[in-house]
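For the record, the sequence lines run as chains A and B. Under this note's numbering, read the first sequence as residues 1 to 565, first letter to last. Under this note's numbering, read the second sequence as residues 566 to 758, first letter to last.
One should not assume that every hint holds.
[Stated by the list, open to error] Below, in silico cross-link-like pairs of lysine to any residue (SDA-like), each with a Cα-Cα straight-line distance of 25 Å or less:
| no. | chain 1 | residue 1 | chain 2 | residue 2 |
| --- | --- | --- | --- | --- |
| 1 | A | K117 | B | L589 |
| 2 | A | K117 | B | K610 |
| 3 | A | K434 | A | G47 |
| 4 | B | K610 | A | G240 |
| 5 | A | K434 | A | I373 |
| 6 | B | K610 | A | D251 |
[What the hints assert, rightly or not] Which residues of chain A face chain B? A few of them, derived with a C-beta cut under 10 Å, are:
| no. | residue |
| --- | --- |
| 7 | T190 |
| 8 | V223 |
| 9 | T241 |
| 10 | R248 |
The hints are simulated quantities; they were obtained by calculation from the structure and are not laboratory data. All residues carry an ideal CB built from backbone N, CA and C; glycine is no exception.
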Amino acid sequence: MATADITTDAHHHHEQTFWSKYVFSTDHKMIAMQYMFTGMFMAAIGGFMAYVFRMQLAFPGMEVPLFGLVGPNDYNALITNHGTIMIFWVAMPVLIAAFGNFLIPLMIGCDDMVFPKINRLSYQIFLLSAVILLISLAVPGGGFAGAWTAYPPLSAQAQYSGTALGSTLWLVAVALEFVAFLLGGINFVTTAMNSRAPGMKMYDIPMVIWMIVIASVLFMASVGPLIAGAIMLFMDQVVGTGFYDPARGGDPVLWQHLFWFFGHPEVYVVLLPALGITADIMCVFARKKLFAYRTALWTVFGTGILSFTVWAHHQFVAGIDPRMAHIFTVTTLLISIPIAELCFIYIATLYGGSITLSTPMLWALAFVAEFLIGGVTGIFLGASGADIYFHDTYFVLAHFHYTFFPIAIIGTFAGITMWFPKMFGRYMSEFWGKVHFWGTVIPFNIIFIPLFFLGTIGQHRRIYDYTNFPELSLPWMQDLRQLATVALIVMLLFQFIFLINMFYSMFRGKKAPKNPWRANTLEWTTESPPPHGNWPEGLPEVYRGPYEYSTPGRDEDYWPQNVPS
Amino acid sequence: MLRIGGAPVPAREPLVSSAVLATLIFIAAEVMLFSGFISGFAILKAGSAGVWPPPGQPRLPVESTAFNTAALLMSGVFAFLSARAWAREPAAAATPLRISIALGVFFVLFQGWEWVQLVGEGLTLTSSTHGSFFYLIVGAHAMHAVVAVLFLAAAGVSLSRGTLTSERFAATRVFWYFVVGLWPVIYVQVYLA
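With the sequences and hints as input, model every part of the structure.
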């Protein structure tokens with residue numbers, strides 16, 4: 001095959017040194033690993049921050065082991081950077097960049113991204129942004145302490161935030177991170193459109209690839225206004241302009257519009273890859289075709305468009321026109337319909353399947369169950385009347401974590417346990433995988449269900465020490481806070497089981513064959529791990545959709561995409 | 566590769582070349598960036614209760630900028646003509662491309678000269694939100710114009726060496742059309758409105 005000859009010639013005639021293989025690689029799989037391990041490193045930092053400020057809330061004024069006394073400014077910097085890190089340096093790089101880089105070329109059957117050097121540049125800018133963010137935590141005054149949403153005037157003027165240098169570095173880091181994902185997203189969409197294996201039509205693309213592509217499109221379409229807002233905020237901080245300063249003709253609410261115009265689609269940017277990972281896992285471990293592939297795909301397109309019209313539900317109490325609030329209430333409640341529809345599609349996919357409760361499948365099922373709680377509690381916040389009461393309480397916080405934890409943590413573990421045999425050519429331990437699963441999911445619920453109760457009775461967010469508010473520090477409330485904190489510590493400790501399982505299995509695990517899960521998609525037709533160039537002996541061709549499981553009249557219960565009929 | 570049954574699978578012929586597709590996606594993100602700037606400007610101006618420009622701030626040079634706008638649009642036309650020429654005979658694209666670049670350079674320099682005048686009249690980045698937004702929006706466009714002119718010039722150099730590919734030339738032109746096409750919108754929104 002002509003294309004295959006070109007690929008082998010282009011890619012296999014040079015020796016690789018340590019630097020060219022691991023650090024300056026243009027191979028999509030290596031870039032995926034770079035993104036994944038950087039994301040996991042940042043997750044460890046973000047998780048540690050959560051531990052420190054939860055300790056302060058449960059046991060105010062206590063010396064936190066491994067950290068020391070938490071001052072009010074430390075507390076603000078910790079919650080700000082916990083949020084920033086978990087969204088921009090964990091969810092985005094792992095779910096979109098790592099899985100996108102690893103899966104797109106392998107699942108659509110090509111040898112690499114269309115622009116490998118831009119891909120490498122994307123990771124390098126991302127790494128730089130992570131380093132700048134970490135430096136911002138250590139500069140005089142401390143890390144940025146104006147909350148991850150960075151509302152001015154708190155974020156714009158140093159006399160309010162108290163962290164002049166920290167705020168600016170934080171902003172620069174976030175902006176660079178966006179540039180990195182812009183470059184990555186251009187690559188993802190272009191590659192998925194132009195490099196698919198011969199025969200792979202639009203409806204033959206695996207759902208996880210579609211989801212990552214649509215997420216990239218949403219990201220690139222929504223990030224522009226936030227970059228505009230960030231430039232203006234940067235100029236307010238550094239040059240002394242007054243874009244957000246009402247005393248000088250500016251408008252602080254303008255930032256909220258620009259931020260949330262991005263911020264709400266961003267929820268779907270990270271949700272969609274997790275939904276895609278879940279869909280693929282469910283089909284494999286239920287041995288069934290994805291129910292209503294085309295409906296699911298068009299539903300997601302619709303969700304994406306609708307997600308641009310809901311942003312002001314974050315601003316119901318910011319003084320926006322109540323008539324406008326009505327409109328945003330309607331659009332926000334509307335968007336729960338397609339997401340509910342997807343949940344039904346997943347249930348219909350599982351219905352009547354021969355289900356194996358493997359570790360990836362457990363994560364996938366937990367994703368749907370937990371995300372459902374996040375979605376249902378969101379309905380209260382989308383309704384402007386209820387939101388006026390709930391705004392800025394722990395109800396919002398618990399709702400938000402019931403959406404983001406399933407996405408960024410459960411979705412990521414689902415993906416890693418699913419594709420680990422392909423990434424490293426070895427199995428992870430199923431037993432320890434399940435121990436880690438239960439040890440993560442049960443404490444997760446024990447952390448956040450109490451916070452729903454605390455939020456419902458009016459416990460405000462972003463308060464350093466509740467003992468200053470007698471009506472918010474009744475003994476039973478303090479008990480719930482301690483319960484949540486203890487559950488968090490248990491959950492964090494269980495992550496060590498995952499890390500040990502992962503690193504042990506990487507080198508000592510049982511060797512995995514090419515296609516351990518008997519799956520259909522193209523990545524399972526090459527070696528585990530795939531060599532440089534992915535299919536050295538010739539790129540695959542595609543003859544059918546990705547989910548032909550349990551087809552009547554066939555001996556095997558799966559029918560790989562590349563097998564001629 | 567031998568196949569059993571079914572029609573042979575044809576090789577993929579992309580609808581739009583990867584370079585152009587990537588540029589178009591990038592432009593879409595850029596359009597949203599400028600939408601953010603311009604809608605922010607419109608919101609602040611709408612909140613100023615009709616006093617615009619703010620007291621003590623100069624009027625923008627609407628007339629000379631109209632002339633400069635025409636120069637930029639002509640540059641876009643010549644870029645288009647160079648594409649037509651390229652389709653006939655690659656070497657013939659050189660002259661219209663040079664004119665296009667020259668007009669682009671003229672636009673940027675004329676803009677810079679206007680800025681010098683305006684700063685002299687008291688319109689600076691920090692003098693008012695009017696000044697802030699003016700230099701922000703027009704400056705962001707000017708940066709794009711400078712980068713795009715450099716890309717055009719690089720394409721011109723490659724053209725004279727015979728190493729220019731039609732994908733790269735197309736992607737460069739598409740980006741220039743974006744810079745040219747964006748300007749009238751800014752002119753209407755910032756200078757006239």
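- Message: Just to be careful: measuring from the Cβ of A/V223 to every Cβ in chain B, is the smallest value less than 10 Å?
- Response: Where the cut-off is 10 Å and the nearest Cβ of chain B is about 7 Å from A/V223, the hint holds.
- Can the restraint linking A/K117 and B/L589 be considered satisfied, given a maximum Cα separation of 25 Å? 19 Å, holds
- Query: Is A/K434 within 25 Å of A/I373, Cα to Cα?
  - Reply: 22 Å, holds
- Message: Hint check: A/K434 vs A/G47, CA-CA at most 25 Å. Holds or violated?
- Response: Holds, at roughly 21 Å.
- Query: Straight-line Cα separation of A/K117 and B/K610 no greater than 25 Å?
  - Reply: Not satisfied, since the Cα-Cα distance of roughly 43 Å exceeds 25 Å.
- Satisfaction of the A/T241 interface hint, Cβ to chain B closer than 10 Å: 4 Å, holds
- Message: Just to be careful: measuring from the Cβ of A/R248 to every Cβ in chain B, is the smallest value less than 10 Å?
- Response: With a minimum Cβ separation of about 7 Å from chain B (threshold 10 Å), the hint on A/R248 holds.
- Message: Hint check: B/K610 vs A/G240, CA-CA at most 25 Å. Holds or violated?
- Response: Within the cut-off at roughly 19 Å; holds.
- Query: Hint check: is the beta carbon of A/T190 less than 10 Å from a beta carbon of chain B?
  - Reply: Holds: closest Cβ of chain B sits about 5 Å from A/T190, inside 10 Å.
- B/K610 paired with A/D251 [C-alpha distance capped at 25 Å]: 10 Å, holds
This entry does not satisfy hint 2, going by the numbered hints stated previously; all others are met.
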